[in-house]
Structures are given as C-alpha cells and as structure tokens.
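Chain W is fixed; fit chain D onto it per the hints.
Sequence lines, in order, name chains W and D. For the first sequence, my numbering begins at 271 and goes up steadily by one. For the second sequence, my numbering begins at 271 and goes up steadily by one.
If you're looking for bench data, these hints aren't it; they were derived computationally from the structure. Incorrect hints may appear among the rest.
Each pair may be met inside one copy or between any two copies, as identical chains are not told apart.
Below 20 Å or equal to it, Euclidean Cα-Cα: the simulated EDC-like pairs (lysine to aspartate or glutamate) are [unchecked claim]:
1) Lys514 <-> Glu528
2) Lys622 <-> Asp656
3) Lys514 <-> Glu615
4) Lys514 <-> Glu493
5) Lys405 <-> Glu729
6) Lys633 <-> Glu615
7) Lys405 <-> Glu366
8) Lys652 <-> Glu594
9) Lys409 <-> Glu729
2 protein chains.
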Amino acid sequence: MNLAGCSIIGSRRSLTGGTGFRAYDPTTAQAVEPDFFSATLDEVNEAARLAHEAFVFYSRASGREKAEFLRRIAGNIESAAGEVIQRARLETALPEARLQAETARTCGQLRMFAQVVEEGSWVMARIDRADPNRKPNPKPDIRSMLRPVGPVAVFGASNFPLAFSVAGGDTASALAAGNPVIVKAHPAHPGTSELAGRAIQQAVRDCKLHEGVFSLLFDSGTEAGAALVRHPLVKAVGFTGSRKGGRALMDIAAARPEPIPIFAEMSSTNPVFILPGALREHAGTIAAGLFASFTMGAGQFCTKPGMVFVPEQPEISQFISRLESSVADAADFHLLTGSIRSAYEAGIRNRKEACTVKLVAGKPSSAAGYCADLALFETSAKSFRDDPALSEEIFGPSTLLVRHSGREELLEIARRLEGHLTATIHGTSEDLSEFRDLIAILETKVGRIVFNGFPTGVEVTHAMVHGGPYPATSDGRSTSVGSQAIFRFCRPVCYQGFPNEALPAELQNANPLAIWRMLDGELTKNPL
Amino acid sequence: MNLAGCSIIGSRRSLTGGTGFRAYDPTTAQAVEPDFFSATLDEVNEAARLAHEAFVFYSRASGREKAEFLRRIAGNIESAAGEVIQRARLETALPEARLQAETARTCGQLRMFAQVVEEGSWVMARIDRADPNRKPNPKPDIRSMLRPVGPVAVFGASNFPLAFSVAGGDTASALAAGNPVIVKAHPAHPGTSELAGRAIQQAVRDCKLHEGVFSLLFDSGTEAGAALVRHPLVKAVGFTGSRKGGRALMDIAAARPEPIPIFAEMSSTNPVFILPGALREHAGTIAAGLFASFTMGAGQFCTKPGMVFVPEQPEISQFISRLESSVADAADFHLLTGSIRSAYEAGIRNRKEACTVKLVAGKPSSAAGYCADLALFETSAKSFRDDPALSEEIFGPSTLLVRHSGREELLEIARRLEGHLTATIHGTSEDLSEFRDLIAILETKVGRIVFNGFPTGVEVTHAMVHGGPYPATSDGRSTSVGSQAIFRFCRPVCYQGFPNEALPAELQNANPLAIWRMLDGELTKNPL
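Isolated chain W, as found in the complex (with noise of 0.2 Å):
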C-alpha cells in the first residue's frame, strides 16, 4: 500500500507539509506507518478558492451529470475495496466484516444520491402561472426550484471510517446537490481517508470535472478545521463527532461575518423505554437485543442505547440475570482511539464511584491496546432525575438500567429528556394504547422512534431521518441518514418573468426532465 500522507489539494497532491502525525492501531495502542502531514493554511485556503471556482459549473451540472460523478465514486471504492478495509482494519480494529458492510453502505448511498438526483423531482420544482387580467395588477409568472448552496466543508467521523467520512453521507449529499466538497479527514483513519480522497480525486479526473470539485485535508489538531469554518467561501458545514467539537464548530459558524449553515451530529443516549406488557412477555429477547444493541461496534454509534428506563416488576430480575450472562460471555472489545479510551474510562469511573449508581455486571478486558471494560449500570428514576450526569453520553461498550415505579415517574422522565437521535420503545398492543401520551412527548424529544426494535442499525432509506433536536444535533430540522439529507445542502431560488429558454431544464415549459412538479398548487408531470 502506497500512502502519501498528504492533503489532497483538487488535482495535486500537498508538497509542503505541516505537522507530521500517525494513524494508531488500536489493539496494541502503537503508531503505525506512514507520517501524515496537516494541511497548513495556505492549502485550506487553496482548496477554498478552488471549491469556489469550481462551484459555478458544478453547480450546473445536470443531475445526468452528477450521478454519473457519484456512480464512478462508487466504483472506485470498490475497486480500492481490498486496500481499503485491510486499512481501516489496522486504524480501526473493526472486524472485517463490519468493514465490508461499511464499504457497501458508502457505495450504497452513493449510488442512492446519484439514483436521486437523476431522477431529479428532488428540486421541488414550482410553478404558477402568470394571470395578466388579474386585477388591480396582473400575476406574473413566478417558477422555483432548489440550487445548491456552495462550497461544503465536511468534517469525518472517528466512528465511521468510509460511511461517514471522507466518501460518506455528507459527502455524497453536498456533492448530489451541487456543491463542491472540502474534507477535513478524521485523523485516526488518515490511510482509510486518503484512499477514499483518492477514489474521489480519480472520479473527478474520469468525468472531466473542475479540480475543485473535491480536497482532502489532513489535521492532526483542530487549526484546519476551524480555518475551514470561517473561510468565507465556504458556505455550509457537515460535521459528526463529540458534543464538544460540535458546539465548538457550531459558534465558529454562528460568529462568521456571514454565518453558514452547521448540520453537526454531536451525542445521544438513545432512551429505551421497556413498558410493562413487554417486559412481563419478552424479557429474555428484549435483553438478548439490548445487550447486542449496546456493544455492536464496541458501543461506538451515535444510536447506541445508553439509558433503559425498565419497570420494577417480577420479571426484571430474569431480563437484567440474562444480561448478566450475556456480558459474562462476551468477548474483549477494542475502542477506536486513545482518546474515546480515555473518555470511556472517565465515564466508566464516575458511575462506579457513584453512590446512586450500582455495576449490576462488568467484565474487564484482558486485552491489549485501546481495549474497554464492559460495564452494565443501574439506578433509580429518582437518583436519575437528580444528577444530569446519569443522562450523558458514554461511548463505548457500557448503558444503564433505570428502574422506576410506573407510568407517571416515566412520563415525567420522558418531559425532562433532552434532544435525542432516538427513543426506542417495547410494548404490546396494550402498552402502545396505554403510552400514547409517551409516544407524543417523544415526538417532541426525537428524530427517530423505534416499535419493538433497537436503534442501532440505520436504515439508509428515503423516510429515515437521522436527527433531532439539540444536543443530539445542531438543528433537529434535517437528517444525516436517507435520500432528504440532499435538502441541508440547497436552497430555494425562484425565477420572476423569465422567457422559457433563459429557465433551467427544470423549470421549463415542455418540463423536459419529465420530474414531478407542483403547477399551481398541484403536483404533476405534466406539461404546461
């Protein structure tokens, strides 16, 4: 494997080389090779001025166009596959299996966004029509459509080594709707971004696009992401990563000369709410489940469960002795960074020497490197509603069962959560009648609300929405997940009186893209 260990600049490889840095393998905590260089100033600049030249052919590329571009992403990566998992095993520890499927959902959603915009109803096109008789002044023609925002600046995510980072979701999306990409790469995975970075920079090259259709840069601290924020060409923000590092991103952006849009996935709990009916029917699956659910990825997703408000009823002793069992017999977990290792252990040791809070079962690792100690916490409703801590994210193998008397203690804790990607809950038919007003607060808290299932696992789809109010994100308005995340990265514009010809393809008279379009209030493909 062939790594250069230097930002991706448009077309050209960076020479001049920042701080050097090393990928880390997480079963052993040693640097791997090569050296990778931060990217200095002068290339975030560059890669800003090259996004915004680019921008204004992009930006017209037909959606025929872009879905090709996307496809030839996609295809890259897969023929890089074999590199790039045997890469992101070393940076990440992940299983290979997980990787393949990794690799297949990046692909996936590339070829999603393409299937989208070639299609292209996504626009919203409008169109009312003009009335010159109308009186006391004639109606003019008025026509709208979304266009793409600009320049992107998308930041990738320690979790996801390939769907979230370099060719992942945000990526696809901006690139779906129009707009140039700037990738600030996540640096436990430099190797992993930087053959993503080159499968895209080949894409580009394949069909003939502006260099500055794409960059990649490198950062082993936060000085050229931030620089990235405030650059005033850039003109959107895509960011998932720590509470901390998102807020952070999140005043940069808000404090701009112009502030920019800030689409930031930061941190979730995940509330799963196990109601009666359930728990006295299906204690042992809905264990089973959890306990697959808090450790798939070693506990590293953002929907990973980590608060399970359970009844004190009889049959909590044999839901809580099967999770017993399951964490006796689990195997040794690896976390993906020193840091994630060193938070987790934070986290892990509050609650321990908490005195409102008991491990109700633990398993410490016998491994090397970034291992973690599995640890299953309970306490009580009370003891929950009064320490905030105790509705925090942990990342990392590890959730927390909150026992409580019933229906009014859960509906109180449920109007006090803060903003979640999502809430699960487990019920009957009966639990569901009974919990109505559960479901309506939960609305309220939530992107996302899972029936009898479990949150991991994220459906890349049209209805899914990946979002929710703050803190879970920086604007509950949009999704991170699923064909609508193409909406964070447009915005509408409409045309007033303009001659047929001067329109784009889109919005045209003979509605030469044959996509659905709303014509005075009504949806429909036809012709004017």
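For chain D alone, coordinates are given in the frame of chain W:
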C-alpha cells in the same frame, strides 16, 4: 375604538403593565392615545409557559382543525377591518388603499395556509416498506413526516403593520405547521397590533383551542423580545426588521444553551441590471417603472430597488431625464417612524457629502411630521466598487444609479455583491443570451430573480421565494412569503416498526387523508 394597551397573555389581558409608551402619527410626529405597556419578564415567562402547554395539544390538531382556526382569524380580521384600517392609518400614515390591500393580503395568506394544511400533502410523508426477507438483516418499516417544531416567537415588522406583523406571514406559517405563536408587537403600530391580536385571541376561543396557542407582547424597547428569544421553551424565531436588530437576535439564538433556528429577514438593496438592449429600446418605460418601484410605500419595502446598474450609452440621458421629471412631479412622502426618518436623513446626508456621488434629482419635502426628501443619486462603477457604504440599504424614497462601462465591469460588480432578497434584470432576448453568466452569478446571491419587471410587489404563491443569502436573511435556505414558508417551523420525525393504528393519520396504510406520499421512492396517493 376601545384599546386596552395591554399585552395579551393567552386568554387574558395583562394587568401588571410595565413601562408606558405611545404610537406616533407620522403626519404630525405627535404621540397618539392610548398608552401601551411593555410586557414584564414575568409576562414573557407566562406566555412561554402557556405556549409550551398548548403545544402538546395544538401540535396534534388535524389539518382541518388548523384550517378552521386560520380561516376564523381571517374572518375576525375582516370583521374588524374598518377599525383596524382606521387605526393603522393613524399609526403609519399609509394610504387607505394600501392598507385595504394589505388587509386582503393578510387574510389571503391565512387562507392559503388553511388550504395547504387542509389538503395535507405538505408534511412530505414518506413510507419505506419492510422487507422481512432481506439478508443479512430484515429491513424494517420506516415512515416519516414533518412535525411542528414548538413555540415560535414572531417579531412584527414596522413596514407591514398587518401582513408582516401580528397576524402576518410568520404567524400564519407557524400556526399552520402546528406551533403556538408568541408575537412581539412592533412599537410603531401597537393599536393595530392589539386589534389583530384580539382577532386571533377571539379565534382561539371560537375554535376552543388551548389559550396558549397565541400571546401578544408589547415592548417599547428590546428587553421582552430578547427574553423571548432566550427563553428555553421557545423553539424558533421569525423576525423582519433591521440588520442590526436581526443580527442581535441571531447572536442571542446561537448563544443559547440550546441554540434554536432563527429566520431573520434583515436588509436588501435589490440590485437592478438594465442591460444594453433594454436601455436602447425601453429607457422611458423602465425609468417610469423604476420610479414607481423605489418610491412605492415611500421606499420602505425590503424589496425596494436601491442600486441600479446602467451602461454608458446614449439612451442613458433619456433614462435619467425621465426619472428627473418623475421626481419633480412626485407627491410628498411620510416615513413610518422617527427613527426610520433619522436613519434615512443620515443616509441621504452621507451620500450628498460623498465626493464620488452626485445628486441627480431631489425633492425636498414640504410636509409636516416624518416627511422624507426624495433623492436620486448616481455614481461610477469604480466609485461603487471602492466604497462598500454605497451598497448599503437606505430605507426610504431614494435610489442610486451606477454607470458602468460594460459587460466585464458589470460581471465584476455582480460577483462582489453580498446577499440580497432579489435581483432584477431588464433585457432583450439578445441581452439574455449575452448575459447568461450574470444570471448564474445572481442565482448565488439572491432568492428571486425578476426579469423585465420590478422587485416590489411580492406574490403570495406556492413558488414564491422571499429570502436570500446573508445579510438579506439569517439563513437563505427558506422563504418568508408563499406556501413554502411552512417548512420553516417544522422538522422531520420518523417512525420505525410502528403498528398501523399507532401512526399519525398521514402515515397510515389506508392513506385516510388521501395525501401525496413517497412510497418506496415513488410519489403516489395510493394506499398500501
């Protein structure tokens, strides 16, 4: 007319009463009765608490119920129209015909949103069906739709005492989406605000809604408004006003522990590009239209054309002399408030004193009160580029002609523009094909491009986009006029694996509301 002068907190009138203030008659600059009282912080808190309480119920009102409510508001305003218009004339000095048209527009907006929510397809329902046989994991059933965001704070605008104030566009779209609204009345027209507020309060009663669905707060200063934007139970903000005021609220919204979306429409100079062919063929007509547009409403529209780019060619003298004679024949103008007048006078004075700007035609006002001198300026393209102050909005009956040497200079100016609400092009079809790249640039700078028309007069339709990149608005990804404004105040929520009967009607198998839905990626009204 019996005005109480008190804030409306749900079903009650405030009795406490903070600082007193009065409206002013712009024709005399004299205060008019009665006293109005600024809301106290306790009243802000109480309005927010009630709105939060109401949200639980109102967010679940059906489209039909919300439509009835919106139509009832329109009906109540129409019933009180005589009184409303009389008071608005006193407080704004706007002509009766304009206030009648604005009342009709206000009621029209409310009824448009009534129709949108009654029809119901606006929620963007999406259904992805389950596939239990998918490998390696079964695919769950996922359904999503837009849901209201929570209590919305709306700030009334000075220049639209009805259509962008208490019962104006932001209130209508927020209520249509299912959100309680707390309006901070503009202190320039408190009586008009009280009458509109009472019409809404009565509609809340008529429809037996929770009283917290609507409150109206008075404030002579900025405290109540700032407290409202800071309030943890307020979830979004709509504002129309100055750049300074809008940016201050943006900063407050972004600095909250839980930042919230804010839609501030702030300032726009609405560039007009008169292309060579158009000037050659239509100099006189364009001059007449431009005069009418920049003096409409005494130049106090956010869409007023404040800079006009004209090529140096022989017809420019005809164009200017036509403008001069319109200026000479003009009637007197009154501005809306003393502070708008001071700002206008300062703006005009600065231009008169600038050695790079020439007063082409002016007309001192002979009226009493908040009268305004008409002022038509011109400058060169070079001076315009060198002095950013010449791009700034001057709210009142004045505009600036910018003489340029041709295509290259014009494109360079266009590239340097900041965000505006609109841009206007006057051109022949030859002009249009020669200046295609001008349109491409303007698409990135404004929300609406007008061809051979004028930007004032914003149609309330489905395709309208009244928005634009910062600093025209806080977030160019939305519109404050037209039916698409409903998307501001909602967020997508998805339901995974839900039993049919537990889903909102919009997402149930039978499609009981007969709305358009995206079913496995295809738009249809079919049931499952």
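Structure-based check of all given hints:
no. : hint              : verdict
1   : Lys514 <-> Glu528 : between (23 Å within a copy, 13 Å between copies)
2   : Lys622 <-> Asp656 : within (17 Å within a copy, 65 Å between copies)
3   : Lys514 <-> Glu615 : within (18 Å within a copy, 47 Å between copies)
4   : Lys514 <-> Glu493 : within (15 Å within a copy, 30 Å between copies)
5   : Lys405 <-> Glu729 : between (52 Å within a copy, 13 Å between copies)
6   : Lys633 <-> Glu615 : within (13 Å within a copy, 75 Å between copies)
7   : Lys405 <-> Glu366 : between (69 Å within a copy, 18 Å between copies)
8   : Lys652 <-> Glu594 : neither (24 Å within a copy, 77 Å between copies)
9   : Lys409 <-> Glu729 : between (45 Å within a copy, 8 Å between copies)
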